[in-house]
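Just so you know, the sequences run in chain order U and X. Note that my numbering has the first sequence beginning at 1, numbered continuously upward. Note that my numbering has the second sequence beginning at 1, numbered continuously upward.
No lab work stands behind these hints: they were computed from the structure. Treat the hints loosely; a few may be bogus.
If several chains are the same, the list does not tell them apart, and a pair holds so long as it fits within one copy or across any two.
To be verified - For lysine to aspartate or glutamate, the following EDC-like pairs were computed, each having C-alpha atoms within a straight-line distance of at most 20 Å:
(1) Lys309 / Asp79
(2) Lys186 / Glu245
(3) Lys224 / Glu278
(4) Lys186 / Glu278
(5) Lys286 / Glu30
(6) Lys224 / Glu238
(7) Lys309 / Glu245
(8) Lys273 / Asp50
Computed from a predicted model, the values in this text were never measured in an experiment.
2 protein chains.
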Amino acid sequence: MGLQDNHYSEENHGHHEYLDLGDFPLISGEVLLNAKLAYKTLGALSDKKDNAILFPHMWSGTSASMESFVGPGRPLDPDKYFIIFPGQFANGFSSSPSNTKAPQDAGNFPNIMIGDDVIAQHELITKVFGISELQLVTGWSMGAEQTYEWAVRYPSMVKRAVPFAGTAKTTPHDYIFVRSHENAIKSDPAWAEGFYGKATDVHVGLRRHAETWSVMGLCSEFYKQEIWREIGFGSLDEFLVGFWEAYFKPMDPNNLIWMAWKWRHGDVSLNSKNNLDEALGRITAKVTAVAFANDMFFPPSDIVEEVSKIPNAEYRLVESLWAHFTMFCMNEKDKKAIDDIFTEVLST
Amino acid sequence: MGLQDNHYSEENHGHHEYLDLGDFPLISGEVLLNAKLAYKTLGALSDKKDNAILFPHMWSGTSASMESFVGPGRPLDPDKYFIIFPGQFANGFSSSPSNTKAPQDAGNFPNIMIGDDVIAQHELITKVFGISELQLVTGWSMGAEQTYEWAVRYPSMVKRAVPFAGTAKTTPHDYIFVRSHENAIKSDPAWAEGFYGKATDVHVGLRRHAETWSVMGLCSEFYKQEIWREIGFGSLDEFLVGFWEAYFKPMDPNNLIWMAWKWRHGDVSLNSKNNLDEALGRITAKVTAVAFANDMFFPPSDIVEEVSKIPNAEYRLVESLWAHFTMFCMNEKDKKAIDDIFTEVLST
Chain U
1 MGLQDNHYSE
11 ENHGHHEYLD
21 LGDFPLISGE
31 VLLNAKLAYK
41 TLGALSDKKD
51 NAILFPHMWS
61 GTSASMESFV
71 GPGRPLDPDK
81 YFIIFPGQFA
91 NGFSSSPSNT
101 KAPQDAGNFP
111 NIMIGDDVIA
121 QHELITKVFG
131 ISELQLVTGW
141 SMGAEQTYEW
151 AVRYPSMVKR
161 AVPFAGTAKT
171 TPHDYIFVRS
181 HENAIKSDPA
191 WAEGFYGKAT
201 DVHVGLRRHA
211 ETWSVMGLCS
221 EFYKQEIWRE
231 IGFGSLDEFL
241 VGFWEAYFKP
251 MDPNNLIWMA
261 WKWRHGDVSL
271 NSKNNLDEAL
281 GRITAKVTAV
291 AFANDMFFPP
301 SDIVEEVSKI
311 PNAEYRLVES
321 LWAHFTMFCM
331 NEKDKKAIDD
341 IFTEVLST
Chain X
1 MGLQDNHYSE
11 ENHGHHEYLD
21 LGDFPLISGE
31 VLLNAKLAYK
41 TLGALSDKKD
51 NAILFPHMWS
61 GTSASMESFV
71 GPGRPLDPDK
81 YFIIFPGQFA
91 NGFSSSPSNT
101 KAPQDAGNFP
111 NIMIGDDVIA
121 QHELITKVFG
131 ISELQLVTGW
141 SMGAEQTYEW
151 AVRYPSMVKR
161 AVPFAGTAKT
171 TPHDYIFVRS
181 HENAIKSDPA
191 WAEGFYGKAT
201 DVHVGLRRHA
211 ETWSVMGLCS
221 EFYKQEIWRE
231 IGFGSLDEFL
241 VGFWEAYFKP
251 MDPNNLIWMA
261 WKWRHGDVSL
271 NSKNNLDEAL
281 GRITAKVTAV
291 AFANDMFFPP
301 SDIVEEVSKI
311 PNAEYRLVES
321 LWAHFTMFCM
331 NEKDKKAIDD
341 IFTEVLST
């Protein structure tokens, strides 16, 4: 595993800043040696430091993944807000199996919790930027997990929270399907317990993994209506290869596995002795929890159930056949629906 | 592959009868050599031959799988009806990869269509029993596919049809997830293109396959409410191993793969030049199409859509957290819901 795979390059993902965290104690009791948190920012922090938005990214993503939601004239306007895209461990830019040296290289990389990411991001927000309150924390999927973790762990710092298509505590169903994704990669003998020569050696495992995503990632009606035609594919198989396989194939197998392990162990109740009601009850942020219709990963019913336990929370449903991937904004309708939510939330 | 694996024994599945079909021409143009259709019956055919019910089984099942729905005092009463449980090709009793000799043994077994099964079953019904009208054709999942195929292919022979949790034409989503199940087994190098020594050599592939079923086969709320406790399991992992792995582990990998191929190619519109509306429009049976809530394989919306194209069809939804596996009748409520549907349908 080269220290910098092609995929995780600034050429692909733009310039990153890095926070040096030193030997970073993990929730597990292990220590991540010489830890680094990558991040990006857009806009300028105001003198009063009262215009900061934190936008952590999803599983498989990088700090660049969420930049497309930001732009002049849009609700997340960099002329108005200072928008921070923090990385997370195992994303290929921050400390990750793909870029860490022995004794924590590749398959030896320690398991990380969502809480570890958020503690590292907290270092960034407080020590690098001196921010004491975030106007908004928002994220999608695993970014929603991080959003909830922020709102529970540092309630006084989070004014508004908008988790999209994610939960505060991973459901058992979520747990078993994410594990099945990890196992799809691990099923490739070339994975070799994480000690492969180069990422592309594990292409069979990555393809198997892409296949499992193609099934659970969208919904029946998406495939029936051949919505993939709208983004230029000519056949189902072209879509499966050109969209799903193409998305995952350049990535590092271990990075995906370590992020997935983190995803399925996400649980804000670890902050209150496994009492979820108590953990969610701590939230003081105004929460707008958004579900996507037809989402098989985070069914709306799972999100509704958590919303009922949060003191000041509202629920929104976005209708789209892109299901969990509504956040990809593959059409103007989805983009507008999400922008409208940001507009609404930031206006109060 | 022994000609008779332990799993596919009369000790496990009761006594079967066999119809010898000779060299049986398949829809594909191939010929299945020395073909056999296994079947079971309960009750006695009336002199007028007007009390016959046909109950084909689901993917992975055998003619014994549906016997539990029949009993004195229940709607499918063998004192009143003559109930035929036809096999299907690749079920381990009828001609299958596991019991067929060279040149069609194991990985050389030809692909079969749902229409081939139904043509073979038609031979049984007409030539062995001399029946010209079936009071009811009913089946679950792939058994529903066969039910629809019967109603389209032989409309005048089917008085009532009750397909449970299945579609007349496999949806593209259904197609890709069933293929992913096949691939989970094939991913095991021990599968060896179908030419393994014995079925248990492929246990890793069968376990991977069981994992994919555990994810898609039930629903989030099932796992959240730990419904597996109701059937005696003490932990999630016990359930995954003791239910899902235990179900599939004794089966023949090729039989599962060949039945799955058949499943995902199910399509009644092949009877009318790919015109689904025309095919469904041919149905003269009174159809009661039943969906199971939370079913990720055959979402209620897919079933509703087909019902709207059938001249004389009604739709029923059974609410259960057992999702696609509501048909397993793991509790009295599910059993009663299904029995009530049979009672209602047979009373008209």
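Tested hints:
{"no.": "1", "hint": "Lys309 / Asp79", "verdict": "neither (36 Å within a copy, 54 Å between copies)"}
{"no.": "2", "hint": "Lys186 / Glu245", "verdict": "both (16 Å within a copy, 19 Å between copies)"}
{"no.": "3", "hint": "Lys224 / Glu278", "verdict": "between (43 Å within a copy, 18 Å between copies)"}
{"no.": "4", "hint": "Lys186 / Glu278", "verdict": "neither (37 Å within a copy, 46 Å between copies)"}
{"no.": "5", "hint": "Lys286 / Glu30", "verdict": "neither (34 Å within a copy, 65 Å between copies)"}
{"no.": "6", "hint": "Lys224 / Glu238", "verdict": "within (15 Å within a copy, 36 Å between copies)"}
{"no.": "7", "hint": "Lys309 / Glu245", "verdict": "neither (38 Å within a copy, 36 Å between copies)"}
{"no.": "8", "hint": "Lys273 / Asp50", "verdict": "neither (33 Å within a copy, 66 Å between copies)"}
Of the numbered hints stated above, those contradicted by the structure are hints 1, 4, 5, 7, 8, listed in ascending order.
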